[in-house]
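K.L.:
Protein sequences, first through last, are from chains C and V. First residue of the first sequence? That's 1 in this note's numbering, and the numbers climb one at a time after it. First residue of the second sequence? That's 1 in this note's numbering, and the numbers climb one at a time after it.
Since the hints were made in silico from the structure, they are not lab data. Be careful, since some hints might not be right.
Residues on chain C that point at chain V, a partial pick, calculated with CB under 7 Å [what the hints assert, rightly or not]:
| hint | residue |
| --- | --- |
| 1 | I12 |
| 2 | G13 |
| 3 | Q325 |
| 4 | L362 |
| 5 | I378 |
| 6 | K393 |
| 7 | R487 |
| 8 | Q495 |
| 9 | M496 |
| 10 | I539 |
| 11 | A541 |
Okay, derived cross-link-like pairs now, SDA-like style, lysine to any residue, Cα gap no bigger than 20 Å in a straight line [claimed, not checked]:
| hint | chain 1 | residue 1 | chain 2 | residue 2 |
| --- | --- | --- | --- | --- |
| 12 | V | K107 | V | S65 |
| 13 | C | K363 | V | F394 |
| 14 | C | K508 | V | D51 |
| 15 | C | K516 | V | G395 |
| 16 | C | K170 | C | S230 |
| 17 | V | K21 | V | I195 |
| 18 | C | K90 | V | I195 |
| 19 | V | K90 | C | Y515 |
| 20 | V | K290 | C | Y515 |
| 21 | V | K21 | C | K170 |
| 22 | C | K393 | V | F394 |
| 23 | C | K290 | C | I348 |
| 24 | V | K21 | V | D74 |
| 25 | V | K393 | C | G410 |
| 26 | C | K61 | V | N511 |
| 27 | V | K290 | C | K90 |
| 28 | V | K516 | C | Y515 |
Heads up, the beta-carbon is just placed ideally off N, CA and C, and yes, glycines get one too.
Number of protein chains: 2
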Amino acid sequence: MKIALAQINYHIGNFENNEIKILDAIRKAKKEKADLVVFAELAVSGYPPRDFLEFDDFINKCYFSLNRIAKECDGIAAIVGSPTRNPGTKGKDLFNSAFFLSEGEVKSVHHKTLLPNYDIFDEYRYFEANSVFEIIEFKGKKLAITICEDLWNIGDDLLYRTNPMDELIKLEPDVMINIAASPFDYTAETRRKKILFENVEKYKLPLVYVNHVGAQTELLFDGGSLAINSKGTLCKEFNYFEEDFGIVDLGEMETSPVVPERQKPEKIALVHDALVMGINNYFGKLGFTKAILGLSGGIDSALTLVLAVKALGNNNVRAILLPSQFSSGHSIKDAEDLAKNLDVPYDIIPIEEPYQSFDKTLKPLFEGMEFNIAEENIQARIRGLILMALSNKFGYILLNTSNKSEAAVGYGTLYGDMNGGLSVLGDVYKMEVFEMARYINREQEVIPWNTITKPPSAELRPDQKDSDSLPDYDILDEILFQYIEKRRGPNELIQMGFDAKVVHRILKLVNTNEYKRYQTPPMLRVSPKAFGMGRRMPIVARYLT
Amino acid sequence: MKIALAQINYHIGNFENNEIKILDAIRKAKKEKADLVVFAELAVSGYPPRDFLEFDDFINKCYFSLNRIAKECDGIAAIVGSPTRNPGTKGKDLFNSAFFLSEGEVKSVHHKTLLPNYDIFDEYRYFEANSVFEIIEFKGKKLAITICEDLWNIGDDLLYRTNPMDELIKLEPDVMINIAASPFDYTAETRRKKILFENVEKYKLPLVYVNHVGAQTELLFDGGSLAINSKGTLCKEFNYFEEDFGIVDLGEMETSPVVPERQKPEKIALVHDALVMGINNYFGKLGFTKAILGLSGGIDSALTLVLAVKALGNNNVRAILLPSQFSSGHSIKDAEDLAKNLDVPYDIIPIEEPYQSFDKTLKPLFEGMEFNIAEENIQARIRGLILMALSNKFGYILLNTSNKSEAAVGYGTLYGDMNGGLSVLGDVYKMEVFEMARYINREQEVIPWNTITKPPSAELRPDQKDSDSLPDYDILDEILFQYIEKRRGPNELIQMGFDAKVVHRILKLVNTNEYKRYQTPPMLRVSPKAFGMGRRMPIVARYLT
Chain C
1 MKIALAQINY
11 HIGNFENNEI
21 KILDAIRKAK
31 KEKADLVVFA
41 ELAVSGYPPR
51 DFLEFDDFIN
61 KCYFSLNRIA
71 KECDGIAAIV
81 GSPTRNPGTK
91 GKDLFNSAFF
101 LSEGEVKSVH
111 HKTLLPNYDI
121 FDEYRYFEAN
131 SVFEIIEFKG
141 KKLAITICED
151 LWNIGDDLLY
161 RTNPMDELIK
171 LEPDVMINIA
181 ASPFDYTAET
191 RRKKILFENV
201 EKYKLPLVYV
211 NHVGAQTELL
221 FDGGSLAINS
231 KGTLCKEFNY
241 FEEDFGIVDL
251 GEMETSPVVP
261 ERQKPEKIAL
271 VHDALVMGIN
281 NYFGKLGFTK
291 AILGLSGGID
301 SALTLVLAVK
311 ALGNNNVRAI
321 LLPSQFSSGH
331 SIKDAEDLAK
341 NLDVPYDIIP
351 IEEPYQSFDK
361 TLKPLFEGME
371 FNIAEENIQA
381 RIRGLILMAL
391 SNKFGYILLN
401 TSNKSEAAVG
411 YGTLYGDMNG
421 GLSVLGDVYK
431 MEVFEMARYI
441 NREQEVIPWN
451 TITKPPSAEL
461 RPDQKDSDSL
471 PDYDILDEIL
481 FQYIEKRRGP
491 NELIQMGFDA
501 KVVHRILKLV
511 NTNEYKRYQT
521 PPMLRVSPKA
531 FGMGRRMPIV
541 ARYLT
Chain V
1 MKIALAQINY
11 HIGNFENNEI
21 KILDAIRKAK
31 KEKADLVVFA
41 ELAVSGYPPR
51 DFLEFDDFIN
61 KCYFSLNRIA
71 KECDGIAAIV
81 GSPTRNPGTK
91 GKDLFNSAFF
101 LSEGEVKSVH
111 HKTLLPNYDI
121 FDEYRYFEAN
131 SVFEIIEFKG
141 KKLAITICED
151 LWNIGDDLLY
161 RTNPMDELIK
171 LEPDVMINIA
181 ASPFDYTAET
191 RRKKILFENV
201 EKYKLPLVYV
211 NHVGAQTELL
221 FDGGSLAINS
231 KGTLCKEFNY
241 FEEDFGIVDL
251 GEMETSPVVP
261 ERQKPEKIAL
271 VHDALVMGIN
281 NYFGKLGFTK
291 AILGLSGGID
301 SALTLVLAVK
311 ALGNNNVRAI
321 LLPSQFSSGH
331 SIKDAEDLAK
341 NLDVPYDIIP
351 IEEPYQSFDK
361 TLKPLFEGME
371 FNIAEENIQA
381 RIRGLILMAL
391 SNKFGYILLN
401 TSNKSEAAVG
411 YGTLYGDMNG
421 GLSVLGDVYK
431 MEVFEMARYI
441 NREQEVIPWN
451 TITKPPSAEL
461 RPDQKDSDSL
471 PDYDILDEIL
481 FQYIEKRRGP
491 NELIQMGFDA
501 KVVHRILKLV
511 NTNEYKRYQT
521 PPMLRVSPKA
531 FGMGRRMPIV
541 ARYLT
């Protein structure tokens, strides 16, 4: 049996677009004499559709699309993910289902049993868990269909009390087919492969795995669809971050030579590619082409600009330099050098004049008070205002350039440098920003070395340095990582050897700045614990503050 | 048996504060010779603790607090909500539990069976569902403990496959005790009481129900704790929106005279009281006292100011008038009249000068281009900047004054009038804003009648009216309500008689402005479907757009 794997970049709610892509793949699979073509989880709607699933109209559109796709399935079968209504009187309204389409119609529907409801996942919000286990008999083979998380309840620490493959294996299947919507983070590849191989080893069955690829706002899907034979040999593996299509033969797979495992890309390269895809898809799927950003001469905006140019092309990105009286000479030079290296159009708009006008306007109220955070923020907000004015006037989307370390401790101005339609580096710690800048410069100087080596500064008051008010970034980032990604509390951190005073100060900063992060743009997610939908905190609370 | 009900305003993560309040109530209950005192769901931590639950340190603090509370329980028993660790190797790490404390120690722990995971609820994100049913035997009575949602799987449309009271009733209890964290919306009282009475009718048992009161950022808890005897007579009912304490005697309850049911407050009065509590608690729990807001002369900022004054006192609110060349004379007069009526300090800061400076600064780039949305937004953002400068300088929190109709269709400027720490009216449609303004003026003119009767305008260009670009608010609000609260799709709306073109335009506006709502402040939730944590939509999508 020849099985085609279709790794597709879907667009949430864009039924027409998704259907065209699915139908194209079905036709291609037919042409290449495949017996069956496999698509990803919730392929018809895109993933995650979130609360669109609560609209009857949306579910109807899924069914209409699915039925049109079924009609194309003559001479070939397909497995396609789509939501279905729960016909029972108990439980949630929907199932997260895999449709088996053949001979122009829906032959059977198989529901997801294990519904992830952690981090960025909310599936139990919408779906009832499956409790009926059936196998597909097709051309003399028995197919065991599972959906993403269904294969993940394996190993020592079990999140669920049931395991659908333990039920399906009783029906003596010949192959496991898993349709997935498993997002990227820099740990995902390793964990995902480990889980898939463990399933093959446990059930002694070949596995065909089809994942989503592409960005859905902050969520980045890397693809990596694959096939493993029953002996645990990787027979096919798709590229990351791009659509792909390929065919495996179940019989040949068992004796096929080992595909040499691809060299594991280093973390920073993966994150780099993920971010470029994230920017590209954000613009493409929203129907925008042009980006604008504020270029300060610092490393965060420099890196954001490089990634934007890679995602959108140098002609589609406009850089704006917004110097103030506190900007150092090298800042403007470094920013200009970078714009020239990338051949990106740029303008210099000094903010002196608007600043003076606010100074004058506020004088009656601020009389006799010292320059402080209020005036610092005025500068950042003037910049934000000018960038948004250009964005509104010319139809650009403003890219936010803040990094994860800043977002964590609230080192940024709401309605100022925290503005933007999309945060590119909001899930990238400062030390990783440096690392990626060096990665980009590995063959030639793209980002001026001075930008990478000079001490970071917000330049909102004379001779300001980030280190005036924050610990050094290597310490800061390690504490943040332990607290945010590893959920270690203050006592654990102090036991690890971090200075108690620094630990308490940092955790307090993280928790008291929840209100700022609530209003930040969506951040491209590359870590196992990003700010945004995967990390949900109360704003009004008193914990570690 | 005498049972005390303690309706308390908890503070999330503020273990010290919560513990003090719980201990005070235990001492009071002892003094009044109660046998048992009942507290709300997750009383120890506050509700909802959200992802704090993922921190071991946080759970440890819950246990420490609980153990200290247990020590106080000699001569009296208590039922207190707190999370517990799941000792098993399968399932989620935690249970949502009720502790039965007596003789200075934890006598038994009872877990929640039905875990709400819809709208604002995420309980399956953290908790494993209970599957063991035990009763408490105490002083010759059998107590059936359930936690909030556990009583809600009753009636025709069942969200869950199990019903914990169906199990507990087999153990022949004498009374049902339900500890809850059931938030307010203007439909909640009716639904909640209906469900509670249905349980009494079904199981023929008296019911003691203890709920949270107080605001947790956007979530407003109204309290309304109560006791019903086995015949379905309401014997005790606590006030809404305030802490309360009271005792019922299980024996006397059965023969006690009927408590005359409180006159059901009208919706707009409930919402009014909820918003006042929401503002008050936001400030109180964050440790702030003073608010600032921009007063335009329009109805939204007028109503927000009135509510803020009721919540914080007139000396703690500062109004800023920010007129531009497009502000009409009556706007300034109406705003001043209101500030004077309320005896609130106010300043007038014309934005002309900063506007001219941006005009000049941007001239080289905007040369030859017409005045459009970019210039409109510059005005709104100058106002936002000035308000934030005052907020930063004087330690005020900026109140956002946008209403739900505007938030829905994106009629507002990001980083301008959408600024604020808290949105007061973000869940109140424009027609409800009018209604509440008339409610406030029911005895005397607080809000100038001219503010209420004049046509709404953003005043960002000459002679602008909201109705230039939006349908009349009565039509708009009805379509929004049907789409947002009722999840009706375009076809259903058109079948209801709304104009097809208007429907498509409005739904498109709602869906394409998801990116704006993503960055708005938290909105006090008063409806069954508010923007924010209870309504989760993709930003990059193409559905009804």
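K.L.:
Would you mind marking each hint as holding or not holding in the structure?
P.N.:
Status of each hint after checking the structure:
The interface hint given for I12/C holds, since its Cβ lies 4 Å from the closest Cβ of chain V, which is under the 7 Å cut-off. Taken as an interface hint, G13/C checks out: its beta carbon lies about 3 Å from the nearest beta carbon of chain V, inside 7 Å. Proximity of Q325/C to chain V is violated relative to the hint, the smallest CB-CB distance being about 15 Å (cut-off 7 Å). At a threshold of 7 Å, the smallest CB-CB gap from L362/C to chain V is about 6 Å, leaving the interface hint in force.
For I378/C, the shortest C-beta to C-beta distance to chain V is roughly 6 Å, which falls under 7 Å, so the interface hint holds. Given hint, K393/C at the interface with chain V, holds; its Cβ is 4 Å from that chain's nearest Cβ, closer than 7 Å. Residue-level restraint check for R487/C holds (minimum Cβ-Cβ distance to chain V is 5 Å; threshold 7 Å). The beta carbon of Q495/C comes no nearer than 12 Å to any beta carbon in chain V, farther than 7 Å, and the hint placing it at the interface is violated.
Checking M496/C against chain V: minimum C-beta separation of about 13 Å lies over 7 Å; hint violated. Restraint check, I539/C versus chain V: the minimum CB separation of about 5 Å is within 7 Å; hint holds. Hint status for A541/C relative to chain V: holds, with the closest Cβ pair at about 4 Å, below 7 Å. Straight-line distance between C-alpha atoms of K107/V and S65/V comes to about 16 Å, which keeps the hinted pair within the 20 Å bound.
Only pairs whose Cα atoms come within 20 Å are accepted, and K363/C paired with F394/V is accepted, the gap being roughly 14 Å. The straight-line distance between the Cα atoms of K508/C and D51/V is roughly 16 Å, inside the 20 Å bound, and the hint therefore holds. Between the alpha carbons of K516/C and G395/V the distance comes to roughly 16 Å, so the proposed pair stays at or under 20 Å and holds. Proposed proximity of K170/C and S230/C is supported: the alpha carbons are some 17 Å apart, at most 20 Å.
At most 20 Å may separate the alpha-carbon atoms for a hinted pair to count; K21/V and I195/V exceed this at roughly 29 Å. Distance check on the hinted pair: K90/C and I195/V sit about 17 Å apart at the alpha-carbon level, within 20 Å; holds. Straight-line distance between C-alpha atoms of K90/V and Y515/C comes to about 35 Å, which puts the hinted pair past the 20 Å bound. Annotation: proposed proximity of K290/V to Y515/C holds, straight-line Cα distance about 17 Å (limit 20 Å).
In summary, the hint linking K21/V to K170/C is not supported, as the alpha carbons are separated by about 56 Å, beyond the 20 Å threshold. Between the alpha carbons of K393/C and F394/V the distance comes to roughly 34 Å, so the proposed pair goes past 20 Å and is violated. In summary, the hint linking K290/C to I348/C is supported, as the alpha carbons are separated by about 19 Å, within the 20 Å threshold. With a C-alpha separation of about 17 Å, the suggested pairing of K21/V with D74/V holds against the 20 Å cut-off.
With a C-alpha separation of about 17 Å, the suggested pair K393/V and G410/C falls inside the 20 Å cut-off, and the hint holds. The hinted pair formed by K61/C and N511/V meets the criterion: a straight-line CA distance of about 17 Å does not exceed 20 Å. Annotation: proposed proximity of K290/V to K90/C is violated, straight-line Cα distance about 49 Å (limit 20 Å). With a C-alpha separation of about 16 Å, the suggested pairing of K516/V with Y515/C holds against the 20 Å cut-off.
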